[in-house]
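Student: With the hints as your guide, set chain B onto chain A.
Going line by line, the protein sequences match chains A and B. So for the first sequence, our numbering puts the first residue at 47; every next one is plus one. So for the second sequence, our numbering puts the first residue at 421; every next one is plus one.
Note that these hints are calculated values from the structure, not bench results. Hints are supplied without guarantee of correctness; some may be wrong.
[Stated by the list, open to error] In silico DMTMM-like pairs for lysine to aspartate or glutamate, Cα to Cα no more than 20 Å straight-line:
no.	chain 1	residue 1	chain 2	residue 2
1	A	Lys107	A	Asp131
2	A	Lys145	B	Glu478
3	A	Lys114	A	Glu66
4	B	Lys485	B	Asp507
5	A	Lys145	B	Glu506
6	A	Lys114	A	Asp100
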Amino acid sequence: AQSVTQPDIHITVSEGASLELRCNYSYGATPYLFWYVQSPGQGLQLLLKYFSGDTLVQGIKGFEAEFKRSQSSFNLRKPSVHWSDAAEYFCAVAPNDYKLSFGAGTTVTVRA
Amino acid sequence: SAVISQKPSRDICQRGTSLTIQCQVDSQVTMMFWYRQQPGQSLTLIATANQGSEATYESGFVIDKFPISRPNLTFSTLTVSNMSPEDSSIYLCSVVGFLSSGANVLTFGAGSRLTVL
Numbered sequence: 047a048q049s050v051t052q053p054d055i056h057i058t059v060s061e062g063a064s065l066e067l068r069c070n071y072s073y074g075a076t077p078y079l080f081w082y083v084q085s086p087g088q089g090l091q092l093l094l095k096y097f098s099g100d101t102l103v104q105g106i107k108g109f110e111a112e113f114k115r116s117q118s119s120f121n122l123r124k125p126s127v128h129w130s131d132a133a134e135y136f137c138a139v140a141p142n143d144y145k146l147s148f149g150a151g152t153t154v155t156v157r158a
Numbered sequence: 421s422a423v424i425s426q427k428p429s430r431d432i433c434q435r436g437t438s439l440t441i442q443c444q445v446d447s448q449v450t451m452m453f454w455y456r457q458q459p460g461q462s463l464t465l466i467a468t469a470n471q472g473s474e475a476t477y478e479s480g481f482v483i484d485k486f487p488i489s490r491p492n493l494t495f496s497t498l499t500v501s502n503m504s505p506e507d508s509s510i511y512l513c514s515v516v517g518f519l520s521s522g523a524n525v526l527t528f529g530a531g532s533r534l535t536v537l
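Chain A on its own, in the form it takes in the complex (with noise of 0.2 Å):
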């Protein structure tokens, strides 16, 4: 069975300071990984995903994942984080494009 473990439940940034998200999966096979993020009230919106090739990721908004094979880990990153990047943020781990599973979620405050 698949399953993903974000580790922290909630951190707080500075504006302008790196964010770092954790998250492991365990898989028996090479899965597909997504990062989503919702923002209050609004509905899952995708950051980036894996599935092969470049094991370091660029997705929108200035975000960035990389598959550690050996960790079995998809770490997202942001150099820069910005008020707007407040929000949840869902790790997710699936045999194809759609059926995921979550993480528990991590909460990002950033204060100013």
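Tutor: For chain B alone, coordinates are given in the frame of chain A:
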């Protein structure tokens, strides 16, 4: 990009009643899904809505509690039956496989927030 509309966006319901949530996509898609997000928790897949046939339910979800319809490639409904406070959640419609563009990204609606008293 595709627009997914869900109705209602939120509702307050009485225990024992049923509510139907609608999901309308502005373009034809191959697959439609329903997810549940309980308060403070992550998303859980309820079922895959199959056009013209019975939905495929995930473990822990049954048709009697969550009947689903999908009459065509752009529309689906999820009914939450005989509601209890434990059904208070955000219900999200998601779609993948846009026939017009070939895009294959799982896209979510804004969700329907149900509160059961």
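Student: Hint by hint, say whether it matches the structure.
Tutor: Structure-based check of each hint:
no.	hint	in the structure
1	A:Lys107 to A:Asp131	holds (9 Å)
2	A:Lys145 to B:Glu478	holds (10 Å)
3	A:Lys114 to A:Glu66	holds (15 Å)
4	B:Lys485 to B:Asp507	holds (10 Å)
5	A:Lys145 to B:Glu506	violated (24 Å)
6	A:Lys114 to A:Asp100	holds (11 Å)
Going down the numbered hints, you'll see the structure goes against just number 5.
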